[in-house]
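J.: Taking the hints into account, I'd like the entire structure generated from these sequences.
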Amino acid sequence: MPYARTDDGVRIYYETHGSEGRPLVLADGIGGNADMWDVNRDGLAATRRLILWEPRGHGRSGSPADPARYSFTRWVLDLRDLLDHLGIARAHVGGLSLGGGIACRFALRYPTRGRSLVVTNSSSAAGRPLSVDNLVMRARSLGITPGRGVDAMAEYAMAENPNLAERLAFRPEAKARVLRPVPAAQPHRLRELAAGPPGHGPHHRQASPPGRAPHPRPPRGR
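Quick note: the sequence shown uses our numbering, first residue 74, plus one each step.
Note that these hints are calculated values from the structure, not bench results.
All values derive from a computational prediction rather than experimental measurement.
Beta carbons: idealized from backbone N, C-alpha and C, even for Gly.
Among these hints, one or two may not hold up.
Label pairs and their computed distance ranges (CB to CB) [what the hints assert, rightly or not]: (1) Asp206 <-> Glu246: 26 to 32 angstroms; (2) Arg213 <-> Ala162: 40 to 46 angstroms; (3) Ala141 <-> Ser204: 24 to 30 angstroms; (4) Lys248 <-> Val209: 36 to 42 angstroms.
T.: Set out below in structure tokens:
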């Protein structure tokens, strides 16, 4: 499997699809992995070089034990190191939920390296303060994850997150799609990820990917 090595020694997993056109680099949402782009992958790769990557603490990427090695600043540097590894000077950058927040901060820190932003369902990209209800929900989820596991945290989110609860009431069969990516995350890192930098919550804003890709599924990032 292909990996890039960051400047602090963490391995970052990535996939490349397609071969022509300007590169589009996408990251998954919290608790996800590159497989969550499966419905978009072929459409996006048909007209451009598509790179899907998994931020540290997710999927097949490295998972440092020290919580201090997780932050939006660090994820931005990981994206920079990935582009350097691939020899890409400029790219369309984006992601779902957490991945969208990484892309926005990357564009702010390295404005000459981003051609455009693809931000999907990402309050972390907006940087808006969390509501009191959101903070309470997050605090409760932190108590659930270490003691009862990731699946229990996902069940709690589906019941208490109004965005997820409303969508699941309309499409109950989507519950399996919400749960599917969870095991791919590194369980012992989810506490740090869930508690991570401010501005990443469950209230999302939608943006569509560029080009002729299929519309994304209901979001699976949390």
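J.: Confirm or reject each hint.
T.: Results for each hint:
About 27 angstroms separates the C-beta atoms of aspartate 206 and glutamate 246, a value consistent with the hinted range of 26 to 32 angstroms. Restraint check, arginine 213 to alanine 162: a C-beta distance of roughly 44 angstroms satisfies the suggested window 40 to 46 angstroms. Look at alanine 141 against serine 204: about 28 angstroms separates their beta carbons, and that is inside 24 to 30 angstroms. Between lysine 248 and valine 209 the beta carbons are some 23 angstroms apart, a value that contradicts the proposed interval 36 to 42 angstroms.
In terms of the numbered hints stated before, the structure departs from hint 4 and from no other.
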